[in-house]
Amino acid sequence: MSSPAISRRRALGVLGSVVAWSGAVAGAFLSGCASVLGRRGHPGTAVGTLDKLPPGSGLRASLGGDESTIVVNVDGTVRAFRAVCTHEGCPLGWNAQQHLIRCPCHGGAYDTAGRVVSGPPPAPLTELRAVLDHGTIYVVRE
Amino acid sequence: MSSSIARIASFLAMAAGARLVAPTALAAQEYLYVGNSLGGDISVISIPAHKVVRTIPESVVGNHPDDVIASRNGDVLYISRLDVNDVIAVSTATEQMLWRVEVPGVPNHLTLSPDEQFLYVPIYDKGLLAVVDTKTHQVVTTLDVGKGPHGTQLGPTGKHLYIGNMESNDVAVVEVGTHRLEKRIPLPEGVRPFLISRDEKYLYAQLSKLHGFVIVDLTSDSVVRTVALPTGGKKLPEATLGMSHYVMNHGLGLSPDGKYLVANGSLIGLTAIYSMPDLQLLGSVPVGREPNWVTFSRDSKYAYVSNRRDNTLSVISLLERKEVARLKVGEFPQRMTTTVIARRPN
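Chains as they are written, first to last, in the working numbering: chain A, 1 to 142; chain B, 143 to 488.
Fair warning: there could be bad hints in the mix.
No more than 20 angstroms apart at the CA atoms, straight line, and that leaves these computed lysine to any residue pairs for SDA-like [as the list claims (entries may be wrong)]: (1) B:289 with A:117; (2) B:268 with A:88; (3) B:289 with A:59; (4) B:351 with A:117; (5) B:268 with A:123; (6) B:289 with A:88; (7) B:289 with A:109.
These aren't lab readings, by the way, just hints derived from the structure by calculation.
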């Protein structure tokens, strides 16, 4: 049985390998992921790989059922948001040209921090936890 | 001899190549164009075969299309795009963009003027109606019409344009000849899809939180009746943000022959069919998830319902009052239109 401290070291080691392999993950993201990777298995849903999500890009992915997520890579930091507009609950899309999260119902727009940029949404997006393991991005439904 | 054969082969090859890019003249045929708002493309469906024959790709449309309507001769599609605040005109013959015009905010449901010189564009986030000249491709005027203008309908006389406001809970009436706001008719809640009776005496409107629709007398500007949609034996689910339940019903249409009113029950995935003008419920038809829009074949044999949550289209026989086909279309299908065209790409 390993102690929490050992688990954390192991996790950091694994993540260090990931960084070396991908060369694109920021240190802040590493520390945020460490405790999650110390667990056995993955608590989230695999939504893509980091090599397909270079800095400045985003994607929309299913989390199963009606749930989906928008995942963005902002200067090496991967963030995930629940892809549901806070205006009327429509599913959201990623506009690659604008680098904005957009609503296909009434035109609401969110930036890559989930903040409302324009349109009728009354509140920012709900952020989900994004975890990276061996180049695969997992999103955790809270 | 061999050179002649080579020339003939060359000619045939050129002809074959030309066919790849040139539109083909056909016997005039009816098509349904379905805007897939998340996918950014448009599914083209033949009528009455009800087959998806083509897709106008995201590279032509894109940017989350909201509405798609057709010119009356079927040559042009007008598409409002939410992400980039514009309207584009697309040729049905080539399925390429003809022109685009920027509008001063987020454009929603479009309507053409009777002479098709003007395109009326409600600007949801600015409370405006933008009037676009289809010849010069310019916004020629804008006017304040209320908060959250969403749908537009031309009255059958062609003298009045009606604009449903989602946030100020009313219907604005604009005089077509002068582009002047005549009045605003208050309604109990946000105005969703609506239609005008053929004699322009009544307005039928779906409201944000009503499982049904209201009937407004356009002489007294007051609600005279509320019609509850059937539930098909189902309990209406509680409103949750995750399932777009803040719009209970979306999709209301009057068949071209004036005999049927069709209303979507978006919460529970059904479409109700009423006789007109007596408004008797003829039946309800289970469709896909979150039905969003209704349109018709020109012979009034079929109603088409876009089911945006499962990316399908329901084909409903109005005579039989049943779903006769369900087609897979693109992602998040919403608005759609039928039109008859004589040329389309191979």
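Now for the hints, and whether the structure bears them out:
Distance check on the hinted pair: residue 289 of chain B and residue 117 of chain A sit about 19 angstroms apart at the alpha-carbon level, within 20 angstroms; holds. Proximity of residue 268 of chain B to residue 88 of chain A is assessed by CA-CA distance (about 18 angstroms); at most 20 angstroms being required, the pair is judged to hold. Using a Cα cut-off of 20 angstroms, the hinted pair residue 289 of chain B and residue 59 of chain A is violated, with the two alpha carbons roughly 33 angstroms apart. For the hint pairing residue 351 of chain B with residue 117 of chain A, the CA-to-CA distance comes to about 27 angstroms; that exceeds 20 angstroms, so the pair is violated.
Distance restraint check for residue 268 of chain B and residue 123 of chain A: the Cα-Cα separation of roughly 19 angstroms lies within the 20 angstroms cut-off, and the hinted pair is therefore satisfied. Restraint check for residue 289 of chain B and residue 88 of chain A: the C-alpha separation of about 16 angstroms stays at or below 20 angstroms, so the hint holds. Of the supplied pair hints, the one linking residue 289 of chain B and residue 109 of chain A holds, its CA atoms being roughly 18 angstroms apart against a limit of 20 angstroms.
In terms of the numbered hints stated before, the structure departs from hints 3 and 4, listed from lowest to highest.
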